[in-house]
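Same order as they appear, the protein sequences are chains V and B.
The first sequence begins at 455 in my numbering and counts up one residue at a time.
The second sequence begins at 277 in my numbering and counts up one residue at a time.
Bear in mind the hints are in silico, worked out from the structure with no lab data behind them.
Cβ coordinates follow ideal geometry from the N, Cα and C atoms, glycine included.
Mixed in with the good hints there might be a few duds.
As the list claims (entries may be wrong) - Label-pair restraints from in silico Cβ distances:
hint: 1; chain 1: V; residue 1: Phe-627; chain 2: B; residue 2: Ala-459; range: 51 to 59 Å
hint: 2; chain 1: B; residue 1: Lys-388; chain 2: V; residue 2: Thr-567; range: 44 to 52 Å
hint: 3; chain 1: B; residue 1: Thr-446; chain 2: V; residue 2: Gln-700; range: 14 to 22 Å
hint: 4; chain 1: V; residue 1: Asn-722; chain 2: B; residue 2: Val-474; range: 57 to 65 Å
hint: 5; chain 1: V; residue 1: Gln-507; chain 2: B; residue 2: Ala-288; range: 55 to 63 Å
hint: 6; chain 1: V; residue 1: Asp-540; chain 2: B; residue 2: Ala-381; range: 29 to 37 Å
hint: 7; chain 1: V; residue 1: Glu-625; chain 2: B; residue 2: Leu-285; range: 47 to 55 Å
hint: 8; chain 1: V; residue 1: Thr-515; chain 2: B; residue 2: Ala-381; range: 21 to 29 Å
hint: 9; chain 1: B; residue 1: Ala-467; chain 2: V; residue 2: Asp-540; range: 38 to 46 Å
hint: 10; chain 1: B; residue 1: Phe-305; chain 2: V; residue 2: Asp-724; range: 28 to 36 Å
hint: 11; chain 1: B; residue 1: Val-287; chain 2: V; residue 2: Glu-538; range: 27 to 35 Å
hint: 12; chain 1: V; residue 1: Asn-722; chain 2: B; residue 2: Gly-304; range: 18 to 26 Å
hint: 13; chain 1: V; residue 1: Pro-614; chain 2: B; residue 2: Leu-456; range: 29 to 37 Å
Residue-level listing of the chains:
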Amino acid sequence: MFIKKASDIPYSEITPKNAYLNRRAFMTGAAALGVAGLLEPRAAMAADATKLQTVKSPLSTPGLQLTPIKDITTYNNFYEFGVEKDDPSKNAGKMKTRPWKVTVDGLVKQKKTVTIEELLSFKPIEERVYRHRCVEAWSMVIPWAGYSLSELINWAEPLPKAKYVQFLSLEDFAVMPGLREIDLNWPYSEGLRMDEAMHPLTLLTFGLYGEVLPNQDGAPVRIVVPWKYGFKSAKSIVKIHFTSDQPHTAWNDMAPREYGFYSNVNPNVDHPRWSQKTERRIGASLFEQRQPTLMFNGYGDQVASLYNGMDLKKYF
Amino acid sequence: MNKRTVVALKVAVWLVCLSPLALLIFNGFRNNLGPDPTATVTHATGFATLRLLVISLAITPLRRLSPRLGWLIRFRRLLGLFAFFYGCLHLLTYLWLYSGFNVAAMIDDIGKRRYIMAGMAAWLLLLPLAATSTNWSIRKLGGKRWQALHRLAYLSAICGVSHYWWIVKTGVRTPITITLLLAVLLLARIAWLARQRVSRQAGVVTAG
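Extracted from the complex, chain V is given alone in its bound form:
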């Protein structure tokens, strides 16, 4: 079942969305104490604290049915919190997203550290509806909230030698059971070529559905690269590192034949173990899930030129 987008008004301006996040805790608490009326004002305050002011963006993808927020927040790949799709929503609650700092270093004029508050107030937060295609052949449509990563990169003043950007995610054994369970090369590392990172579609992301990111979706700050498979979009970022050489990336370290550095969505290049020609839309009904996968996830007009002259079968 899909929620139809009723108008062009950004989500944050319509509904004071009673935080889906806190709803379960709130209900349990209310039931336990039998004083729902007393708890309600507190829940409303919590909801306000999670809201983001967003503006419309011409880079948002029009005409798509959004995936319900329930599915976006309970069907996650975030291996730091476990392998199963519902592990992150169960386990990520313990991660502390305040205070949060992001270090920007490597080939930059000067190493800098920014707080999440500074990042949030740095530029207007835009609502961008993007298709999201996982390498596992499922997909969603998500109204993200953030601004182009290029804004941050320009502020970071990388040196001309910097050709790549590496993103490192939080590695905290105290709150992330998956770090011990899964043999990935932790901390999770992802990377982009500089021109990919500077592309306006590449989003430094703080929220979805007009609210701050739930922990399981990569709070408090992640990137979203809509024309690449989902695992390229690193979550819960603590470090942005500029380099001259292609950085190592977690899934590529694990299985280089299966997860390339580029990992552009491409229906013509199969994963060694499954076809990428079609995808299953999450939240659709059983017989309506299957649909064709689009080249560059439908963003070819904007990004194909980044790969002119490259053999995309070789640089998959």
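Position chain B against the provided structure of chain V, taking the given hints into account.
Below, chain B without anything else, positioned relative to chain V:
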């Protein structure tokens, strides 16, 4: 064991074996198959197949533990046939939900992907076993030959477990439980055969 108990147990086994399907149908009608219904149906039918197959393979080793467990044999065919039934449903999810009955795409897929090949092999190996599951077949084939044929169940289970390992992401170890269970059952069978050979040889020596 009296007839009444056997009937009651058989009913219970039927209910347990049908419960994964019943749950899928129930949730399907309530539009409650989760965010990824295709995956839900695929996983449920796949797990049911593997579990039932391994449970059916546990019957013989369990019976050897004690003569008092002899009655377990009455349930082996039922479990094996249910494993095949879920294997068919699992295959159907692939043919329908994944391939949309597109034969060309399927042929391309099967040729390229070892997990599909292993899955297909597991199903094909169960096919003659299901076909010869009647008492008539046992009589027609003769006990020895029938038994030899039905050892294919082990091969099918090995293919099934390989199929599982090859579809999970590298580094994911969820198939380990079922793999260990199957390994224990295979080792139990090998140990049994070895012991029988030893006692047979011992018998020859005493006779001479």
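Comparing the hints with the structure gives:
{"no.": "1", "hint": "V:Phe-627 <-> B:Ala-459: 51 to 59 Å", "result": "31 Å, violated"}
{"no.": "2", "hint": "B:Lys-388 <-> V:Thr-567: 44 to 52 Å", "result": "48 Å, holds"}
{"no.": "3", "hint": "B:Thr-446 <-> V:Gln-700: 14 to 22 Å", "result": "21 Å, holds"}
{"no.": "4", "hint": "V:Asn-722 <-> B:Val-474: 57 to 65 Å", "result": "59 Å, holds"}
{"no.": "5", "hint": "V:Gln-507 <-> B:Ala-288: 55 to 63 Å", "result": "59 Å, holds"}
{"no.": "6", "hint": "V:Asp-540 <-> B:Ala-381: 29 to 37 Å", "result": "31 Å, holds"}
{"no.": "7", "hint": "V:Glu-625 <-> B:Leu-285: 47 to 55 Å", "result": "52 Å, holds"}
{"no.": "8", "hint": "V:Thr-515 <-> B:Ala-381: 21 to 29 Å", "result": "28 Å, holds"}
{"no.": "9", "hint": "B:Ala-467 <-> V:Asp-540: 38 to 46 Å", "result": "40 Å, holds"}
{"no.": "10", "hint": "B:Phe-305 <-> V:Asp-724: 28 to 36 Å", "result": "35 Å, holds"}
{"no.": "11", "hint": "B:Val-287 <-> V:Glu-538: 27 to 35 Å", "result": "33 Å, holds"}
{"no.": "12", "hint": "V:Asn-722 <-> B:Gly-304: 18 to 26 Å", "result": "34 Å, violated"}
{"no.": "13", "hint": "V:Pro-614 <-> B:Leu-456: 29 to 37 Å", "result": "55 Å, violated"}
Hint compliance for this structure: hints 1, 12 and 13 are not met, and every other hint is.
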